[in-house]
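Protein chains in written order, with the UniProt record's numbering: chain X, 1 to 342; chain F, 1 to 342; chain C, 1 to 342; chain H, 1 to 342.
Keep in mind the hints are simulated off the structure, nothing from the lab. Keep in mind that a hint or two might mislead.
As the list claims (entries may be wrong) - Using 20 angstroms as the maximum straight-line C-alpha spacing, the simulated PhoX-like pairs for lysine-lysine come out as follows:
1) H/LYS189 with X/LYS189
2) X/LYS61 with X/LYS93
3) F/LYS189 with C/LYS189
4) C/LYS249 with H/LYS249
5) H/LYS93 with H/LYS164
6) F/LYS164 with F/LYS221
7) H/LYS93 with H/LYS3
8) X/LYS249 with F/LYS164
9) F/LYS61 with F/LYS93
10) C/LYS164 with C/LYS93
11) H/LYS140 with H/LYS3
12) X/LYS3 with X/LYS140
Said to hold, decoys possible - Quick look at which bits of chain C chain F covers, simulated, 3 or more residues with Cβ under 8 angstroms:
13) 40 to 49
14) 236 to 245
Only a predicted model underlies this, so the values are computations on that prediction, with no experimental measurement involved. Don't be surprised by glycine CBs; every beta carbon is placed ideally from N, CA and C.
4 protein chains.
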Amino acid sequence: MEKARIAILGASGYTGAELVRLIATHPGMRISALTAERRAGEEMSSVFPHLRHLDLPRLVKIDEVDPGDVELYFCALPHATTQEVISALPRNKMIVDLSADFRLDDPAAYKEWYGHDHLALDLQEEAVYGLTEFYRDRIKGARLVAGTGCNAITGQLAVTPLLKAGVIDPDEIIINLATGVSGAGRAPKEGTLHAEVSEGFHAYNIARHRHIAEFEQEFSKAAGRPVSPTFVPHLLPQNRGILATVYVKGAAQEIHAAHAAAFRDEPFVTVLPFGEAPATRHVRGSNHAHIGVVADRRPGRAIVFAALDNLVKGASGQAIQNANLMLGLPETMGLEAAPLFP
Amino acid sequence: MEKARIAILGASGYTGAELVRLIATHPGMRISALTAERRAGEEMSSVFPHLRHLDLPRLVKIDEVDPGDVELYFCALPHATTQEVISALPRNKMIVDLSADFRLDDPAAYKEWYGHDHLALDLQEEAVYGLTEFYRDRIKGARLVAGTGCNAITGQLAVTPLLKAGVIDPDEIIINLATGVSGAGRAPKEGTLHAEVSEGFHAYNIARHRHIAEFEQEFSKAAGRPVSPTFVPHLLPQNRGILATVYVKGAAQEIHAAHAAAFRDEPFVTVLPFGEAPATRHVRGSNHAHIGVVADRRPGRAIVFAALDNLVKGASGQAIQNANLMLGLPETMGLEAAPLFP
Amino acid sequence: MEKARIAILGASGYTGAELVRLIATHPGMRISALTAERRAGEEMSSVFPHLRHLDLPRLVKIDEVDPGDVELYFCALPHATTQEVISALPRNKMIVDLSADFRLDDPAAYKEWYGHDHLALDLQEEAVYGLTEFYRDRIKGARLVAGTGCNAITGQLAVTPLLKAGVIDPDEIIINLATGVSGAGRAPKEGTLHAEVSEGFHAYNIARHRHIAEFEQEFSKAAGRPVSPTFVPHLLPQNRGILATVYVKGAAQEIHAAHAAAFRDEPFVTVLPFGEAPATRHVRGSNHAHIGVVADRRPGRAIVFAALDNLVKGASGQAIQNANLMLGLPETMGLEAAPLFP
Amino acid sequence: MEKARIAILGASGYTGAELVRLIATHPGMRISALTAERRAGEEMSSVFPHLRHLDLPRLVKIDEVDPGDVELYFCALPHATTQEVISALPRNKMIVDLSADFRLDDPAAYKEWYGHDHLALDLQEEAVYGLTEFYRDRIKGARLVAGTGCNAITGQLAVTPLLKAGVIDPDEIIINLATGVSGAGRAPKEGTLHAEVSEGFHAYNIARHRHIAEFEQEFSKAAGRPVSPTFVPHLLPQNRGILATVYVKGAAQEIHAAHAAAFRDEPFVTVLPFGEAPATRHVRGSNHAHIGVVADRRPGRAIVFAALDNLVKGASGQAIQNANLMLGLPETMGLEAAPLFP
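Build out the structure end to end from the sequences listed, making use of the hints.
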């Protein structure tokens, strides 16, 4: 089998590097181009020395990439820029986008949360939301897949099956979430310095994080009526991992049964035995997600947990899982590695 | 002024060491005895080398302490043991207990949560709950003060004033909390190894943590009716600090006003400007607590935050604050140090 | 090709779990037995939840393992116990031992450093020291391979080629080393608690760490005369990774050239460009080692660095690399994964 | 006693904040001005929320400070800028500088290491090097004191007394050092992001760190002949703390005796019992330094350790210790707090 030729646009960030890491041992893909506008001309090994043992193409600018040498683009660029770049790509190429630019169906919602008009409405119409477990069939036939937010997928794995099954009160969903600092990217910021993050747990973007838009869109579809959760993310003093702790009203056993049913055949989502809760260390570095359901002491209430690695299942692993489907490869190809613990 | 002579029972744990650290520069106290049953005979500097510059008494067993040389005992022993030890102390000595043994008024609640009968019911009757901000007047005249749970005080600072002011729905209180690993003590356990904690965020004792008993007791008193919150603690990959993220139903501005009123004159509790949230790094190593209130996007809902250092305001600093009151010293004496950041 | 049947003796420790993690995606091996004396009867997923997605045999005691179902044993047991256990295994089975029990040729050295007589001298005679890069040919034909100490391999990669090439003064070798806490194992100890390790950098076993015995044995062989280095290990507040910083006397460029020559064709050892130094984060979770050489300001002196992951190249990855050779499999099989960063 | 009026120039960095933290409870100093050019006009509590309980002056620009309201300036500005700023201050004010600008006696050395001419040679002539333990008498009468580098003081505490006592070979000094990330400051840089530092131990500025200039200057004075050590610093995944591990040739017991003699009456330097080594966690947040001496297995060699907190004894605590002497206050005033552990 010939390997699919892959370009990664925006390879100098953490999600770009994570794509390279995963594709390095992927039997069905090979990297034909890596781009990074500001670091064009450099070797990938000078940007990411952990990849120095690999034989990789030199970093180039996007307009230096020959589309004839690319079957599928992974696009790991900032939002807004992304819409411009993808608009300029040939329309016969497959694209998996990791930015926020094609996640929201409704241009008004996009404008509300991202502060400017959507610049590629025609592309938005063909984009499929990249939460593989819920949109697998559409992703298989898609040309453009919009990867989910890393927090957004975590909350959705915990909540969406419960709304579909009608086992929780859709007006009483509280998503408390904590995320590792790699989700904030590699651009230097005071708030992500080691001296600030270590011993420094705190909430951020409280009740106004952009991933709320994804929750509202997807939860409303699942429930068949408008649903808006409370969402508070926190920044963890650790590099990787997201844990969502979701407070819901419903019967805990029914909730657990709904999860078990929804994810029964999923290769990457494990529902823990009733009463057990996941930990970020048990999914680190892998494409696995762990779901747990625990009954509250108060009748009619339950706590639902979801844990995953923000850079893998929350971003680059998810992107490869979707690309596998788009390319007709086995869905789990290249993603079989077990979590790294400790 | 002669300094009050202090004994610390259980000086080989983290809260014991923290008492020594704080008393070392306290102008009104001096340490006359330190006990540690298993390490009796050793110098404190061999157990805690960070205290080696201090001139401290050698560790002894409890029955080697001369009560004639003690005015006030800090008791930092495990629960159950504590009841026996305190029962055997002379009845004319002041005691600040840091264990769970005298926190619950109701012996039935004690038995339910701690698994055995209360062994010192007469002492329980005179014990005053040690949350200084709410029981200051009773603590001033108390002989036996029961320090709060470290999680328990954090949740109570966030919630109790709101129940007293009647500005939140008492049936809809969800306390999501994350705590540093020093709260789990110095006894070696697999779950608190660095290799397990680092990168390993997870919940524990979900909806069945013993501090729920304190919440139920104190919240019910504040509300004048039974109140039972949902409570889920999580273990942070950091040493110190607790952040409670509390989801309530009520008007956010009214909630903020209730906090501002309740803590207006408190030396150690700061209510942040409306819309701001605290971080554990901003209280680390100090007796300060920070409270924040943020409105949810959903009308009629708010998120209340409280942050403090579990070993100081959550344990040993609180104990000294109470001892200051019992001894007739200025309440803030020895506790003025600013937080250590970074 | 039929996969080689593998037993892992001592699967409840970190190196045991790491063997399982790596074998899980190894195309040439499958696990037929996992042992853990104290946890026999349990599922591996209850001991290591990060492996719960795998279909693994239940933990058993060593004497429950059917040798007929095993071609190669990985032995990840404490020292001394190991000699007894391996002595009792059938003599026609291949064994890769991860303990210290068969590393030292000289029984007197073993007794000096490990405090008791060697209990299996006949096995010692056939044991081959498992530093693949230096003993590859002998390992291919070995039945019993003794994995190196994790610190020991790090220092040897940095120093041994220089002694062989005669480019440094053998009497002036100072190995300063820092290691992640996972190397201390999963048994709970005060010294490896998060609260003690975090922010707590310090040296340990100063100038008397047992891996000195390996250095003396191997360096002396390489130099053809007795060589004894100074060796001071330190405990890092991180989970994985070893960095050796070695101070030597010699011409830095010649040293770099000797390294480049020694490791030119090695799949897992990369010599960085002259003047560059490695970081533990760039090898984390992988079987790769990075070597760097920097000239000191003082003429005739150089600093040599080696970085690797203590649980992979320093233990379980090395063990699999050796097992691959013993089983006639490609040496890199199952070890191709790139490092996990961040 | 009236408190001395203090201005802190450069209060928006970590050393500036640390000065404020320490002065907040200093009985002999009060802050009359805080400057931060880019954040002038802001409250200190918005830059450093951990100081929000303090009543502090608003941040201003340097030229807004009224010298009439200042007796002593702490100058925590970048190098080069510092020379200009201090040159413009009235010549009758006391100054404790925390930058590198006045540490080197020799303008040629300054130019070599800092890349440009010294801009205030007259001030350099009156500057006293701020290593209190070695220059106490001159500091008492100084107007301008140049604080040491944080790495520089750590190495000097370990080595200088040995050179003075003539108990080590001055040509064979190797200073291996590891430092917490707060030493790199608060300006956002990729290399100090949490995601890069955590699990990422590595050396930096190998054999060319600017603090070598201080070592050469001070060691040569102590030895009465030119001395140049090897110096390799490493970046620790922790916020605070420096540990120097120094390899020397000499008799270990004599070395220990020389340390014991040199520091016998020092309030902030403790020499551990022979054979014991310090840890950064045991000095964290305090002005204490711990020294340890261990014999190497190889005769005639020893390992000397020094541990201190880079932001306290390595910078702001040292500055206050010096200011106390200059102001005629007790040397330990305001610096008595015990280390914060864990």
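Hint by hint, here is what the structure shows:
Restraint check: the Cα-Cα separation between H/LYS189 and X/LYS189 comes to about 7 angstroms, which is no more than 20 angstroms; the hinted pair holds. With a C-alpha separation of about 18 angstroms, the suggested pair X/LYS61 and X/LYS93 falls inside the 20 angstroms cut-off, and the hint holds. Proximity of F/LYS189 to C/LYS189 is assessed by CA-CA distance (about 7 angstroms); at most 20 angstroms being required, the pair is judged to hold. Between C/LYS249 and H/LYS249 the CA atoms are separated by roughly 15 angstroms; this keeps the pair inside 20 angstroms, and the hint holds.
For the proposed pair H/LYS93 and H/LYS164, the alpha carbon gap of about 34 angstroms is over 20 angstroms, so the pair is violated. Between the alpha carbons of F/LYS164 and F/LYS221 the distance comes to roughly 9 angstroms, so the proposed pair stays at or under 20 angstroms and holds. For a cut-off of 20 angstroms, the pair hint linking H/LYS93 to H/LYS3 stands: about 16 angstroms separates their Cα positions. With a C-alpha separation of about 26 angstroms, the suggested pair X/LYS249 and F/LYS164 falls outside the 20 angstroms cut-off, and the hint is violated.
Our distance criterion of 20 angstroms between C-alpha atoms is met by F/LYS61 and F/LYS93, whose separation comes to about 18 angstroms. Of the pairs offered as hints, the one joining C/LYS164 and C/LYS93 is violated, with about 34 angstroms between alpha carbons and a cut-off of 20 angstroms exceeded. At roughly 18 angstroms between alpha-carbon atoms, H/LYS140 and H/LYS3 fall within 20 angstroms of each other, so this suggested pair holds. The hinted pair formed by X/LYS3 and X/LYS140 meets the criterion: a straight-line CA distance of about 18 angstroms does not exceed 20 angstroms.
Counting residues of the segment 40 to 49 of chain C whose CB falls under 8 angstroms from any CB of chain F gives 0; the rule of at least 3 is not met. Note: the segment 236 to 245 of chain C has 3 residues with beta-carbon separation from chain F under 8 angstroms; the three-residue rule is met and the coverage holds.
Going down the numbered hints, you'll see the structure goes against 5, 8, 10 and 13, while the others check out.
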